[in-house]
Amino acid sequence: MARNAIGIVYRKEFTEWVRDRRTLISTVLVPLFFFPIIMVGFTALAVVMVGKAKEETPKIMILGGEDSPQVVAGLQKVKSLEVVPYRPDWKEQISDKEIRAAVEIPPGFQAALEKGEPKTVKIYYYEGEMKSSFGVDRIEKCLKNYRDQVVKERLAAKNVPTSVLTPFEIHQENVAPPEKVSGATVGGFIGYMVVLLCMTGAMYPAIELTAGEKERGTMETILSSPISRLNLVLGKFLLVLSAALATAALSVMSMGISFAALRRFNVSSGRGEAAGLLLQLGPKAVAAIFLMALPMAVLFSAVLMTIALFAKSHKEAQSYLTPMTFLVVIPAVASLLPGVELTPKLAFIPILNTSLVCKEIMTGTYHWNAIALIFVSTCAYAGVALFLAFKTFQRESVLFRS
Amino acid sequence: MIEARGLSKRFRDKKRAQIRALDGVSFRCEPGRIYGLLGANGAGKTTTLRILATILEPSDGTAVICGHDVVEEPEKVRAKVGFLSTATALYPRLTAQELVEYFGRLNGLDENTLKKRIDEIFARLHMDGFRERRCDKLSTGMKQKTSIARTLVHDPPVMIFDEPTLGLDIMTARTITAFIRECRDRGKTVIFSTHIMSEVEKLCDVIGIIHDGKLLTEGTLAQLREKYGEQDLEEIFVKIVTPLQAGAEA
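From first to last, the protein sequence lines stand for chains A and B. When you line the first sequence up against the working numbering, it's residues 1 to 402, in that order. When you line the second sequence up against the working numbering, it's residues 1 to 250, in that order.
Among the hints, erroneous ones may be present.
Unchecked claim - With a cut-off of at most 20 Å between alpha-carbon atoms, the simulated SDA-like pairs for lysine to any residue come out as follows:
id, chain 1, residue 1, chain 2, residue 2
1, B, K76, A, Q394
2, A, K312, B, K76
3, A, K91, A, E104
Unchecked claim - Derived coverage of chain A by chain B (criterion: at least 3 residues anywhere in the stretch with Cβ under 8 Å from a Cβ of chain B; other residues may be distant):
id, region
4, 12-25
5, 219-233
If you're looking for bench data, these hints aren't it; they were derived computationally from the structure. C-beta atoms are modelled at their ideal positions from N, C-alpha and C, and glycine is treated no differently.
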């Protein structure tokens, strides 16, 4: 019998793993290209689209206003708006994106203003349509300027200074460093992605090394060799764990590159800080995320192997493991919800705890007690899952299910 | 040497009912002889051989192989056994040589011994032409040769064959039967299960007829012919099994 049986099994599984084209996709290509495409690609696309939308001069229509030439002239003077002649189907025109908005001047608006009677100007628009909201912003700006002018004139007529309207100023100022701000904005997303990709990376090899062996008929071959079941399970488990960690490592690396590219894009396009996504992944944060991902990857690897072993085929294993994705996604998404903070109780809920702690790490906050608690509790869950995997490998009814 | 002592195996089916797959099976296989386990599908042949290969654990009874108990020392037993069946497939993404090396290493062979053994086996089985080819690219015959090389790499004294020719073409089946004979000639203890009468007649020194989990009779072909008054093994088999089947159906 071999002394280094775990290593022998691991080396063999590794050789087969790297020769599998599907591995390349799930472990290397997805994490390497997912982030650049999602983050840089989509953000750049969004920035370009928003820029183009802002450059457009929105067409608007004025409803009424025949007896209020001043306000109509004011709107017509705005260079960033194109006033088109009135048509009775203006609602359809907005819905069909022929015009971006319509502004309704009530009858007797000018006269009411002069008498000091309140009137309401209505703006009609297409909710959720970006170009329509840009049109609304410009109309509103023009009307507010006009209103301010009217107020100033009224105050001047009564010899009241305009400062009476603003007895004091309010000014907001961010004191948190930019990396903390960006961490708080997108940090939760990092934890979520690490959790999800850790599982995605473990899923395919977990199926391949258990149900795949049964389907191909190699399970009986390996069970007839003198390796102990424990060593066999550990050898296989280490490969699944390597795949999970490789996926997580590649995804973190890819994230770092994506954020750097995004930063460069924002700076070069003059958007800089305004984009709010200048995330920095320092070596300390990367190491801490890895430390937290490790027991979680152990947990995923062992659980996925245990479940997949019950299946007779690849297809059956996939149908068992797909619901697992939802079980993992739900706590990971919960960590993204506003107001969900790491508490001693939540530190015991697997997946959610790791997602939350990653979020904190991304903002540069290290609650060492919580980190230790989460690490130890996830290790304990992982240990139980690994023990279950070993026990399942000893069950004849599972190994030879027909 | 194989000695089965009252082997029994019970399984549970999907409705949690208990199925007795094996019921107190005892026999002995001596070195340099082929023991043929003959039975219909579902008779208990595969269960018996899987227990001997320690892939399954017996519910009752035990077996001793080369002085090691299958229940107490399963890993030591597996180190003495070469197990081959149509269900023992190959790893598709390993080459023929890598596959044999893998099993050699699991059997604790050092690199020098392993290399010598592989060169010797590959030459004997005419496998040098495809040693670097991946298993998923091999023909059925090449796959069978690779499986044989896998079972032989650690030179086990006991060989267990579970219906090794099932579904194979004549030429590949002949390679297997020639290999089984060669194992006997090299002094190995060989146990072989099949439901093909002609294979048993050609190969086996001792025949055991198994039905419904019980070993009904055993002996050399000559002894069985004399005992049941029939020359043809198929007739002997039918004569033994039919009354039991009729009883079970009644």
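Now for the hints, and whether the structure bears them out:
1. As the CA atoms of K76 of chain B and Q394 of chain A are separated by approximately 17 Å, the hinted pair is consistent with the 20 Å bound.
2. Restraint check for K312 of chain A and K76 of chain B: the C-alpha separation of about 29 Å exceeds 20 Å, so the hint is violated.
3. Our distance criterion of 20 Å between C-alpha atoms is met by K91 of chain A and E104 of chain A, whose separation comes to about 12 Å.
4. Chain B is given as covering the region 12-25 of chain A, and this holds because 5 residues of the stretch bring a CB closer than 8 Å to a CB of that chain, at least three being needed.
5. Counting residues of the region 219-233 of chain A whose C-beta lies closer than 8 Å to any C-beta of chain B gives 8; at least three are required, and the coverage claim holds.
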